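Visitor: Spelled out from the first residue to the last, the chains are:
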Amino acid sequence: MSLLEIENLSVRFRIKGGWGRSAWLHAVDDVSLSLPRGKTLALVGESGSGKTTAALAAARLVPASEGAVRLDGTDLLTLEGETLRRARARVQVIFQDPYSSLNPRLRAGAIVREPMDALNTPPKAERADRVAELFAQVGLRPEQQALFPHQFSGGQRQRIGIARALATRPELIVCDEAVSALDVAVQAQILNLLRRLQAELGLTFLFISHDLGVVQHMSDRVAVMYMGRIVEEADRGPLFSAPLHPYTQALLAAVPSIDRRRRGRSAVKATGETPDPLNPPPGCMFASRCPRAEALCRETRPALEEKSPGHRAACHFPGPSGD
Amino acid sequence: MSLLSVENLRIELALRAGPAPVIDDLSFTLEAGRTLSFVGESGCGKSMTALAIMGLLPDVGRVAAGSITFDGADLTTLPDARLRQIRGNEISMIFQEPMTSLNPVYTVGEQIAEVLRRHRGMTGRDATARAVELLDAVRIPNARSRVTAYPHEMSGGQRQRVMIAMALACAPRLIIADEPTTALDVTVQAQIFELLRDLAHDTGTALILITHDMGAVAEMADDVVVMYAGRAAEAGPVEAILDDPRHPYTRGLIACVPHLTADPEAARGDLTEIPGIVPPLASLGASACLFASRCAHVHDRCHGARPPAFDCPAGQRAACWLEERA
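Respectively, the protein sequence lines represent chains A and B.
Note that the numbering used here has the first sequence beginning at 1, numbered continuously upward.
Note that the numbering used here has the second sequence beginning at 1, numbered continuously upward.
For reference, chain B alone in the conformation it holds in the complex (with noise of 0.2 Å):
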């Protein structure tokens, strides 16, 4: 049995126009130790995904149908109580931005402390002494004067190791990382991605990893599922779906970035372009491919029918009708 489970997941937000579906008919399984991530534009539902497994839905959007399972229990069903005893102990999340998220007027160490009060019921001096060994964990050096410290006192990597040793205070299950370096410095990141690589890879943690960049996905992630307007585009091993992308979206994303290559010396043609914008949410749910208006092989069947997914040869399913074999 798989660790988490989405099943046929739809979430609805409620607008003055009705409800629109941020994400409309998502499936997708994770494994114990292994690293999922999310890659697409801003408005495209990967937050929210995580949001809907953490069960802090903003009060406009509910789950309209399909169902969440993790450890063979339904999120979508449990009561409150329960989902409070998951949420942080089973399951935790590290945010974007470590500056916002961290409390300006207690230490980093009464913040982790907290955690291991409330979830754990430990006594403060056994969470505080707790507390230097997760900091210590997240490889913040001199982690027993660090711990008196207060969130302005560090730097943003810092401060993001802070919200790293919060999330594992409780040894959950599954962590979700929320775009966890996009504030930071790209040898702070390269750092913060090792620490993750090491921790899940010594703990058998489960990692969900969001982010808009392909070239974290291809160091951190087994599996990747290409959100465009709250729909899977594309999902499937990293490896597949990198060498041989198959929906014109995941061949935009991986093309209109500027990627370091091998030889630099190489003529420099001008990048791809996606042309256009992500579609307002007003326009999400219709029956046609939400991408039409962006793609370069557009054709009237895009317009007419929303293209399920089809299994390619790589292994990967990507939603394109020209992916359909006969």
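With the rest of the complex left out, here is chain A (with noise of 0.2 Å):
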């Protein structure tokens, strides 16, 4: 069974507009996603797709408007007080940036600390030995628990993060961008721990990134974002090798690339500019800047669809590239 299931789930926000208009954007639109234990989700997508906001709603970081998200059976979206924090020391984030997600006033162990505090969890006396053994886990050094954040590097930083959002024991990570600051060294560096404490703990991710490289090494399941909606679905495999939206398919030829065998293939072009989100068109958000659109398209919206077994899509007229 799946440790994590999402169900029509949608994020509102409401933009004020002058003169006391205002409008809703829908950053998060229906999207529903499983997640099984153990394995890797990549939600990717251009900024502002809503990646990072429906995980965040996923992680009760950022309200939702509508839908359902369980943990194991349980609703998340409805817990409150004792059994919300309970919960929360299941699912835990770590940040894109580790410059700004680290308090620079507490020692690194207080921060790694910090969330078994918080959430009461293991019982106190057992603590600082979880923080010793989580800074082992991730490639620290004991002695640097002393140490203020200013003093570790960008890639330490994020091992600092790493802990702290191992503390608690949880069974699912948020991973937000979680290697996009990082020099591409480090980064190689950081996405390998991640894959061993993955391989030890057998944790779940649900792993949010724009580098379809990284996506492409560190997932077993992609969803393809645009506009809030999710516009195609499947497992690594089919979903690299044969993407049946324009989209995706866009997004994967836009992607430079050393490997000859990919360059001077035929190339899907994304031309234009994303539609108004406050105003959205009454058809598929991505016809304007489709090199397949046709007027079907600009008046009805596609619903997602499994195309295949495992593989759905949200397009009129899906298929291979072969223009």
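Simulated from the structure, these hints should not be mistaken for laboratory data.
On a predicted model such as this, the values are computed, not experimentally measured, just so you know.
Treat the hints with care, since some could be wrong.
Which bits of chain A does chain B cover? Going by a derived footprint, with three or more residues having C-beta under 8 Å, they are [as the list claims (entries may be wrong)]:
#1 171-185
#2 188-195
#3 247-258
Quick reminder that beta carbons are idealized off the backbone N, C-alpha and C, glycines included.
Reassemble the complex: the two chains are provided individually, in unrelated frames, and hints are given to aid placement.
Guide: Written as structure tokens, this is what we have:
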């Protein structure tokens, strides 16, 4: 059974205009996903596609407007008070920026200990040992517990962020662009660490990234988001080798590659600009940039449907990019 | 004669502990119409090279040795007034952050027109008309009405196009682009790359592209200089370096990034790690290989002397003792 089930999740923000006007921004619109235990589901998309908002809403860090988020059968969105606090220990987040996501006034050891104190798990007597264990797990030396964040490099800071996320022994970890602020050589160290920890501890990752190379390396299943909706979802192999949605195809074609076999491929280009999210068109959101768009696309929004077993796409004319 | 030729350049930053050579004995040439890429981690001296060519080194930095010859004139010895004529007119720069490099209180048209009035002495009306043409050239839709837009009214990709339009305003012969697409989405990055490629092709402008992404190097550049700790680790044609990288740092840079592969079903091993981090400024300039502390092939010689650039069979030059041939 899946560890995480997201059903029809929507997040709306109210945007105030001048003179008392306001509009609703649908940051996440009717998103359903399921994530088996011990696996990695990647959410990819460009900035503003709603991938981070969707994941943070699933972790209850952003209030959801509609839908259900079931962790092991319990709907996180309906929990309150002490039960919510206990549930929070099971879902933790690794943030993007290792510079701004650590409290500069706390020592590294105290930063890692903080979630255990806040969520009151494990018992007080065990917490110091747990901090030492976590430092070893993420490859930091025990004496570094006494240092402040500014005394660490970017990669080491991200290791502290990972240790903090692991502190309460969570089952689900949301990795929100966990390596995009790091230099390439350091990025490899952190990606290897995340995969090693996943294998050792049986962690489940909801992995958010805009870097398709990183996603291809890390994920088991991939959901592609565009303007708040999932446009395609499939296992890693089919998504990268036989994408059905023209947006996925354009994204993949846009990534510069050093692989000779991928260079000179027929490039599907996404031209033009995205539509205004406050005033979305009635049809497919991608129609204005899509090389395959026809009248139907501009009038009717395509539903996310299973096109082949385990491969969903929201497109009226799905298929390979053989043009 | 090359358009730009840099010889034995050494740039020192004055630190409390003494001068640190952030660029150490760097030489390269660039012909008109070609694209040269600098690649490496942050803190390796890529941007410092660009600033030196533009004559925009920070106050604590100075050219300690070597020459930067652009079109026959040594930029390191030219008086400021002459340098100002070259800068913007013949060499221009595209910066990394399109949001912070544009002035938020002027329209984009005014900012492009300012370049033309300053450098070309155009009247306000002519400059504005030319600004519209430039916005059109960088493929901003409906340029005539967008010329009066403020930077905050544009998307990140459009702002970077405005930066490119400003760089193009005086038809320079060399454009330096410092991580021009780092803040942008991949589909927008692809559009900006295509634009830069077409411009270089149509106008014969030479381009220096500073990046940390080997994929971008593969798509854009003719030649590449891999920088490490202020020194060229490996330099030569892109094809040679991507197909047969000789310096362990180049090999690490290529292997440590999970690139999209043609065969996504293949098994995934661990990524190659380059252990450790870039050496601190204070240790630059040592007579040793600065990569030695992170290198898997390190031996005694690496600590004893700085390796010179050796010629490699594929056509590039690599500064590694393992490349020494009898």
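Visitor: Take the hints in turn and mark each one as holding or not.
Guide: Hint by hint, here is what the structure shows:
no.: 1; hint: 171-185; in the structure: holds (count 3)
no.: 2; hint: 188-195; in the structure: holds (count 5)
no.: 3; hint: 247-258; in the structure: holds (count 9)
Checked against the numbered hints given earlier, the structure satisfies every one of them.
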